[in-house]
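Engineer: Same order as they appear, the protein sequences are chains W and S. Just so you know, we're using my numbering here: the first sequence kicks off at 923 and counts up by one. Just so you know, we're using my numbering here: the second sequence kicks off at 923 and counts up by one.
Among these hints, one or two may not hold up.
Unchecked claim - Pairwise CB distance ranges, derived in the manner of DEER restraints:
| no. | chain 1 | residue 1 | chain 2 | residue 2 | range |
| --- | --- | --- | --- | --- | --- |
| 1 | W | Arg1009 | S | Ala1023 | 43 to 49 angstroms |
| 2 | S | Gln1026 | W | Gly964 | 45 to 51 angstroms |
| 3 | S | Asp1045 | W | Asp966 | 29 to 35 angstroms |
| 4 | W | Glu1003 | S | Thr938 | 44 to 50 angstroms |
| 5 | S | Glu1010 | W | Gln1026 | 40 to 46 angstroms |
| 6 | W | Glu1029 | S | Ala986 | 29 to 35 angstroms |
| 7 | W | Ala948 | S | Asp1045 | 28 to 34 angstroms |
| 8 | S | Ala1011 | W | Asp1045 | 15 to 21 angstroms |
Stated by the list, open to error - Which chain S residues stay away from chain W? Per the calculated CB distances, all over 12 angstroms, these:
| no. | residue |
| --- | --- |
| 9 | Thr938 |
| 10 | Ala957 |
| 11 | Met959 |
| 12 | Ala960 |
| 13 | Ala985 |
| 14 | Asp1045 |
Read the hints as simulated data drawn from the structure, not as lab findings. We treat Cβ as the ideally placed atom computed from N, Cα and C, and that holds for glycine.
2 protein chains.
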Amino acid sequence: MLLPLHTIPHAMFPDTPEAAEAAFYAAFEARSLDAMMAVWAGDDSIACIHPLAAPLNGRAAVAAGWRSMFEAAGQFRVQVELAHEIREASQVIRIVREYLAIGQETEPRPPILATNVYRKEADGWHMVLHHASPLQVGGTLPVRTPPVVLH
Amino acid sequence: MLLPLHTIPHAMFPDTPEAAEAAFYAAFEARSLDAMMAVWAGDDSIACIHPLAAPLNGRAAVAAGWRSMFEAAGQFRVQVELAHEIREASQVIRIVREYLAIGQETEPRPPILATNVYRKEADGWHMVLHHASPLQVGGTLPVRTPPVVLH
């Protein structure tokens, strides 16, 4: 039996950047490549930067990056905290702190800082950029690190 | 004598994202806080993330970050290479690799990856976001690093 349109789960048509972001992290925790790629915009302008890694540009490269991540690791749990937001009519930038725990870890790792950019399209809001990078400040710096770069 | 309007240097009214980006890196190399803050949009939605550091939000915090950087270090030289671009009518995202040399260094440091976002405003294009992070892939990883984060 087909469901009437109004009963289709809201997340299928993310009508706010917040809904798109919730779908992004839900897909991440579920390690679902299909759900993940549904969050991203449909064109090849998209780009994804995992921490310390080179940028992945276009849908094929972005999907390959998530596939290898989902295959390599166990269960993820992630808590997300908004740090800053830049809102335009059709594009929203959200800077968030991600607190990630992997597998049986009971303590979250040091936070990751991510810039998430969402674009309003005909079928709702979609991610066009994810730039994630380590956030190591103050006491959380490990004893031996690469030389601190100034920029 | 006042210059006629059409002789005012082009860089004062950056009419492309590329011109705004050129002005950004010129201000960085010149260590000019005035020139740097003229590149940024005039409102407090702006955000700047230096490598491994917490986000600086709003003009006062962004300016304080650049001031302390310009005071702390010697001469910078930076080469910039475009890695990817996402163009909208009034907002452009440019992902670049920055090759930085500081002071008397003759070899550039390992590249920094930066997401630069520019917004079209009444007086031209201005930066609204700079998210810079270390790019360490393959052979450039130091022997001892923090545990590699997966996301």
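Engineer: Run every hint past the structure and note whether it holds.
Structural biologist: Now for the hints, and whether the structure bears them out:
1. W/Arg1009 <-> S/Ala1023: 43 to 49 angstroms: This hint is violated: roughly 37 angstroms between Cβ atoms.
2. S/Gln1026 <-> W/Gly964: 45 to 51 angstroms: 49 angstroms, holds
3. S/Asp1045 <-> W/Asp966: 29 to 35 angstroms: 32 angstroms, holds
4. W/Glu1003 <-> S/Thr938: 44 to 50 angstroms: Once the Cβ atoms are compared, 35 angstroms apart, the range 44 to 50 angstroms for threonine 938 of chain S and glutamate 1003 of chain W is violated.
5. S/Glu1010 <-> W/Gln1026: 40 to 46 angstroms: 43 angstroms, holds
6. W/Glu1029 <-> S/Ala986: 29 to 35 angstroms: Since the Cβ atoms of glutamate 1029 of chain W and alanine 986 of chain S sit about 32 angstroms apart, the hinted range of 29 to 35 angstroms holds.
7. W/Ala948 <-> S/Asp1045: 28 to 34 angstroms: About 41 angstroms separates the Cβ atoms of alanine 948 of chain W and aspartate 1045 of chain S, which means 28 to 34 angstroms is violated.
8. S/Ala1011 <-> W/Asp1045: 15 to 21 angstroms: 20 angstroms, holds
9. Thr938: 18 angstroms, holds
10. Ala957: About 15 angstroms separates alanine 957 of chain S from the closest Cβ of chain W, which puts it past 12 angstroms; holds.
11. Met959: Check passes; 16 angstroms lies beyond 12 angstroms.
12. Ala960: 18 angstroms, holds
13. Ala985: 15 angstroms, holds
14. Asp1045: 17 angstroms, holds
The earlier numbered hints that this structure contradicts are 1, 4, 7.
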